[in-house]
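Chain residues, written in single-letter form:
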Amino acid sequence: MKSSQGSIKRVIHGIRGFKESTVILIIILLCTGISISAPIFLSLDNLKTTAIGLACDGIIGIGMTLSLISGGFDLSVGSVMGLSAVLTALFAGMGINIWLAAFLAVAISLIIGLINGILIGKVGLNPFITTLGMMSIARGGVFVLTQGTSLSINNADQSFRFLGSGNLFGIPVIAIIFIVLAILGDFMVRKSSPAMKVFYVGSNEKAAILSGINTGKVKLYVYLFTALMASLAGILSLSRFGVATANMGSGSEMRVISAAVIGGAALAGGEGSVFGTVLGVLLLSIINNALVLFNVSVHWQNLIAGTILILAVTIDLLSHKRKNK
Amino acid sequence: MNKECILKVEEVYKSFPGTLALKGVSLEIKKGEIHSLVGENGAGKSTLMNVISGVLHADKGRVFLQGKEVYFHNPNDAQKAGIGFVHQELALCPHVSVAENVFIGRLPQKNGIIDRKKLYKLTEEVLAPFQSVIKPEQKVSELSVAQQQVVEIAKALSLNCKLVIFDEPTSSLNESEAQALFKIIRDIKSKEISVLYISHKLSEIFEICDRITILRDGIKIATHNISETTSESIVTEMVGRDLGNLYPAKSSKKGEPILHVTNFTRKNKFSNISFNLNEGEILGLSGLVGSGRTEVVRAICGIDPFEKGGVSIRGKHIKLNNYHSAIQNGLCYMSEDRKLDGLFLNMSITHNIIAILLDKISKRMIVPKKQTIILAQKYQKKLNIRYADPGQKVNSLSGGNQQKVMISKLLAINPGIIIMDEPTRGIDVGAKSEIHNMLRELCNSGIGIIVISSELPEIVGVCDRVVVMHEGMMVSELTGEDVTSEKIISSISSTKVS
Numbered sequence: 077m078k079s080s081q082g083s084i085k086r087v088i089h090g091i092r093g094f095k096e097s098t099v100i101l102i103i104i105l106l107c108t109g110i111s112i113s114a115p116i117f118l119s120l121d122n123l124k125t126t127a128i129g130l131a132c133d134g135i136i137g138i139g140m141t142l143s144l145i146s147g148g149f150d151l152s153v154g155s156v157m158g159l160s161a162v163l164t165a166l167f168a169g170m171g172i173n174i175w176l177a178a179f180l181a182v183a184i185s186l187i188i189g190l191i192n193g194i195l196i197g198k199v200g201l202n203p204f205i206t207t208l209g210m211m212s213i214a215r216g217g218v219f220v221l222t223q224g225t226s227l228s229i230n231n232a233d234q235s236f237r238f239l240g241s242g243n244l245f246g247i248p249v250i251a252i253i254f255i256v257l258a259i260l261g262d263f264m265v266r267k268s269s270p271a272m273k274v275f276y277v278g279s280n281e282k283a284a285i286l287s288g289i290n291t292g293k294v295k296l297y298v299y300l301f302t303a304l305m306a307s308l309a310g311i312l313s314l315s316r317f318g319v320a321t322a323n324m325g326s327g328s329e330m331r332v333i334s335a336a337v338i339g340g341a342a343l344a345g346g347e348g349s350v351f352g353t354v355l356g357v358l359l360l361s362i363i364n365n366a367l368v369l370f371n372v373s374v375h376w377q378n379l380i381a382g383t384i385l386i387l388a389v390t391i392d393l394l395s396h397k398r399k400n401k
Numbered sequence: 325m326n327k328e329c330i331l332k333v334e335e336v337y338k339s340f341p342g343t344l345a346l347k348g349v350s351l352e353i354k355k356g357e358i359h360s361l362v363g364e365n366g367a368g369k370s371t372l373m374n375v376i377s378g379v380l381h382a383d384k385g386r387v388f389l390q391g392k393e394v395y396f397h398n399p400n401d402a403q404k405a406g407i408g409f410v411h412q413e414l415a416l417c418p419h420v421s422v423a424e425n426v427f428i429g430r431l432p433q434k435n436g437i438i439d440r441k442k443l444y445k446l447t448e449e450v451l452a453p454f455q456s457v458i459k460p461e462q463k464v465s466e467l468s469v470a471q472q473q474v475v476e477i478a479k480a481l482s483l484n485c486k487l488v489i490f491d492e493p494t495s496s497l498n499e500s501e502a503q504a505l506f507k508i509i510r511d512i513k514s515k516e517i518s519v520l521y522i523s524h525k526l527s528e529i530f531e532i533c534d535r536i537t538i539l540r541d542g543i544k545i546a547t548h549n550i551s552e553t554t555s556e557s558i559v560t561e562m563v564g565r566d567l568g569n570l571y572p573a574k575s576s577k578k579g580e581p582i583l584h585v586t587n588f589t590r591k592n593k594f595s596n597i598s599f600n601l602n603e604g605e606i607l608g609l610s611g612l613v614g615s616g617r618t619e620v621v622r623a624i625c626g627i628d629p630f631e632k633g634g635v636s637i638r639g640k641h642i643k644l645n646n647y648h649s650a651i652q653n654g655l656c657y658m659s660e661d662r663k664l665d666g667l668f669l670n671m672s673i674t675h676n677i678i679a680i681l682l683d684k685i686s687k688r689m690i691v692p693k694k695q696t697i698i699l700a701q702k703y704q705k706k707l708n709i710r711y712a713d714p715g716q717k718v719n720s721l722s723g724g725n726q727q728k729v730m731i732s733k734l735l736a737i738n739p740g741i742i743i744m745d746e747p748t749r750g751i752d753v754g755a756k757s758e759i760h761n762m763l764r765e766l767c768n769s770g771i772g773i774i775v776i777s778s779e780l781p782e783i784v785g786v787c788d789r790v791v792v793m794h795e796g797m798m799v800s801e802l803t804g805e806d807v808t809s810e811k812i813i814s815s816i817s818s819t820k821v822s
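Residue numbers (our numbering), protein chains in the order written: chain A, 77 to 401; chain B, 325 to 822.
The reader is advised that the hints may include incorrect statements.
Unchecked claim - A few chain A residues facing chain B, derived, Cβ under 8 Å: (1) G200; (2) S268; (3) S269; (4) I285.
Calculated directly from the structure, the hints in this document are not laboratory data. Just so you know, even glycine gets a beta-carbon here, dropped at the ideal spot from N, CA and C.
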């Protein structure tokens, strides 16, 4: 067992960075362990459910990765996700074609992203406070619009439901959409020049200015993008469940930031990858799934998620220290 | 063992992943002597200092303090044993008062509450020998760099050191502040406290040190009495080869004006600064630290604001809204602090080099990996940057190599004019010489070069023409044979108002 672990690690090390290969290893170990104790883990049904469950967090993660790389983060994503779903359901309920409704919801979410981007990028406000405030505002908007109830889209064009609950060749469409977005996102972050600028800004903003980079503009686009991803996640979630609830998306910002940090993004900025974030989301989902399979009470989930985050960050710091000493 | 010896380092070895930094180095420092340690970047000076002061543990070898063998687990042990350290990048807490910094960790208490009266009184006593205007209650951030250094020295001495280590102490000081420092160091010597003085500036070492030890590639080459050696032979021992003339030959031709700067003014920073840069000459901007040179130059490049002023490049008037437009016109600025705003320390050499070039080098918004690596290799060869792999992170390079990466970043955009702010700060003689030669080559190839430097020998040695600034104003412009240290200093002091 040990030698095959070692060779797997070497192979992965060749493909990706140290951090990501560690996470891959942990995932493989976990899957092995879980499937031995609860073979139902590897059943098609269970895997499908897990995949569907992580898709929305994963899509938000694509955007969050970029905001972390820029040296900030976006706490408003969960609220934007909820708002996007609620607005779509609301507009659809007023008789507007649901696809158009979704488009409008995305547009409004982009305005939120724009406000975040202007406040953080041009005015220079702290990302924590800004997105925290926006989180409350957007969530407040959700409560006002739903009056605390849920909004259903049963009366709308049911072809919309295909996105979130349909299957293509046996694979859930929502998972396909996530995978496609993740591949595109990873490619963009690794190879495109606009994304490269985000790395520079996150690594050393002053040096980025002295390299002729318009740091305010870069940050603006980052928060626009994050809001876009959150908005898409909301729409897909609506498509999956058929209803928009007031609490939709609540808590996803913490899960997604944890996933990104586990996957190698630095809170200080200048580092990170979509692939790593996806791995982090995968890891957290598998752990969640394991808790369910082992009948652990839902109440333990937060405790465990928090412990994992602290462990991950500590291991990361220690391994960095050992490398540099 | 010599009873007069305060510190003895015996056959110390220290390795890091990939390098053997110290290969059996031995050193002896006598009581009450000022001993200097020199060597190129990467020679092992920092490593040796860190072993002596307890920051690192040697793999092999022994350290003796006053004849007794010592083993420091951490810097605190070293401090308690009597080794004080004045860091290059000062280790003070800026938001906290002078007194609280000096007595950090040992604040006088009365019934568990800080006894401020006693604290300030003790601090005054500690500061007294320095005859400074520093008040114990002042926040350290309000002090000048030179004053902060005094605080750090006072702190070290208040701990009853037997040995004080100074790491590049004059890197942020002007001439008069450096002289004040030397007086303090001589006072320290008179109290029979030893000094280990690390510096790249041989002129200083010859001014105040008694003996000198040269390191090269982790080995001690020799120890000499200062009186028995010369700058040239030291440099030869440091680099292991004859460097020849310290500075490259100057140019005597005067070409067309490439850059024309008129009446640059910004309230409280600089006023009516006008000068030309001609093709084929290196222009120097000299003056004391704080004379406004960096501010003017950043304003000229559109980085910082200004109230009045015009810039034209090769006759064409340029509108300076931001730094981006300056770059578009071929004008660029290299910062004086590579760690603060010159480099992306956690990113690779390649990514640092293409930072300004990014948009130009990208095809349809994709960064072409192969091309960028070829570019990095081109500059590695051209500037003789020593690294193992272009994907290496810049913070793993030595200071000199980091500086070269920063220069590559600017050269990569094929600029027409480069303004370099303190281009050789904190780098060793060998790398300094390479950069000076490169500046002359660039100048000869038609690129306009302006150099800001607080090191008079550098200004005098490298520049064909010098503009001297003092307290925000231009006080003189010197050409050809008038470019001498004496003329520069006298033009500053003859206009001294304060």
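Taking the hints in turn, this is what the structure says about them:
Taking 8 Å as the C-beta cut-off, the interface hint given for A/G200 is violated, the closest approach to chain B being about 16 Å. For A/S268, the interface hint holds, since its Cβ comes within 8 Å of a Cβ in chain B; the closest pair sits about 5 Å apart. A least Cβ separation of about 4 Å between A/S269 and chain B falls short of the 8 Å threshold, and the interface hint therefore holds. Interface restraint check for A/I285: the shortest CB-CB distance to chain B comes to about 7 Å, inside 8 Å, so the restraint holds.
Hint compliance for this structure: hint 1 alone is broken.
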